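My request is simple: use the sequences and hints to build the entire structure.
Number of protein chains: 2
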Amino acid sequence: MNYEVEQKFRLADPDRIATWLAARGVALEPAVLQVDEYFAHPARDFAATDEALRIRSVGEQNWVTYKGPKIDASTKTRRELELPIEPGQAGAARFAELLTALGFSHVAAVRKRRRTATVPFQGCDVEVAVDNVEGVGQFCELEISADAAGLDAARAALAALAAEFGLTENERRSYLELLLERRP
Amino acid sequence: MNYEVEQKFRLADPDRIATWLAARGVALEPAVLQVDEYFAHPARDFAATDEALRIRSVGEQNWVTYKGPKIDASTKTRRELELPIEPGQAGAARFAELLTALGFSHVAAVRKRRRTATVPFQGCDVEVAVDNVEGVGQFCELEISADAAGLDAARAALAALAAEFGLTENERRSYLELLLERRP
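Listed in order, the protein sequences are those of chains A and B. Start counting the first sequence at 0; every next residue gets the next number (numbering that gives the first Met the number 0). Start counting the second sequence at 0; every next residue gets the next number (numbering that gives the first Met the number 0).
FYI, nobody ran anything at the bench for these hints, they're computed from the structure. Watch out, some of these pointers could steer you wrong.
Below, computed lysine to aspartate or glutamate pairings styled on DMTMM-like, alpha-carbon distance capped at 25 Å [to be verified]:
id, chain 1, residue 1, chain 2, residue 2
1, A, K66, B, D14
2, A, K69, B, D14
3, A, K69, A, E126
4, B, K69, A, E96
5, B, K66, A, E96
6, A, K66, B, E85
7, B, K66, A, E85
Quantities reported herein were computed from a predicted structural model and do not represent experimental measurements.
As structure tokens, this is what we get:
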């Protein structure tokens, strides 16, 4: 099984990251709009079980993503299943119709503009994402894919890169949780 | 919303159907193996609610199919959602893993060799399927897609074609139900 070792931080200074990357010849990709439609389970309280199910749309492409509970206290390491589904607005709508027929219910949409880069660091390939999340704020996510044997090295690399970026305000709540907390 | 108006019959004489079709210039396609993996819902008893969820594999292609409850007493008219998913054995396995993570559980596999034809009849396009179902027997399914306004005409055409084919032993149980009833 593969795990994503991931940490997210509130971001005060996006330029510092871009500058650090540029000094190593890495540029952030242009921003893409990601729309994540989250669903509630018919019998489980995902907020209590720390799971999530969403349909992600980026341009014409769609995926269904399941995230399992976090498996440690400091990072966001968790099981993740992400499968491509039919493309286009119609494809996303049909999958949402399937989920609804099965008793899942739509909770909220998280919309963000994301710039990404991949940077080799301490022997790991680190996915860097700089996110501007509608109604929530700016964040940086760092992520490394690892199998069980590589988890400790991935966690160490991630902490060291966060220090390089000046990231200190760790945020374990999901964008969905942050968005729902802001609702009146 | 579209409905499938569908009836299934136990089949004593497959040759009669092939002969009737041949007299009208229609041939049954060569047999294809369909494997349907059925899943139980985490909170609903699909046997009681008359719903079904399955992954269908035909060669390299896969679909996820949801069938809603039957909406009348004699035919098998019901809501159906069928969406393509990732192809190949790996694609079907990944979708099964997603369903399992969400609390669905595997029930049984229905394996059948199906020969099909489409025949115009009384203004409807009728899908004819001649099925040899492992462990269950031989059947003929007749199906017409209709919207709400076309349901009555579709039901009448279906009954008339069944009479032409000499089909009398209507079977409302699904192949899954028939298979499960035969288990010790």
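Take a quick look at whether A:K69 and A:E126 sit within 25 Å of each other, Cα to Cα.
-> Holds: A:K69 and A:E126 sit about 19 Å apart, inside 25 Å.
Does the alpha-carbon distance linking A:K69 and B:D14 stay inside the 25 Å limit?
-> violated, 59 Å
Does B:K69 pair with A:E96 here, judged by a C-alpha cut-off of 25 Å?
-> holds, 18 Å
Given pair status - B:D14, A:K66, alpha carbons within 25 Å | Given pair A:K66, B:D14 is violated - Cα atoms ~52 Å apart, limit 25 Å.
Are B:K66 and A:E96 close enough, with their CA atoms no more than 25 Å apart?
-> Answer holds: B:K66 to A:E96 is near 12 Å, not above 25 Å.
Satisfaction of hint between A:E85 and B:K66, Cα-Cα up to 25 Å = OK: B:K66 and A:E85 at ~19 Å, within 25 Å.
Does the alpha-carbon distance linking A:K66 and B:E85 stay inside the 25 Å limit?
-> holds, 19 Å
Violated hints for the displayed structure, listed by number in ascending order: 1, 2.
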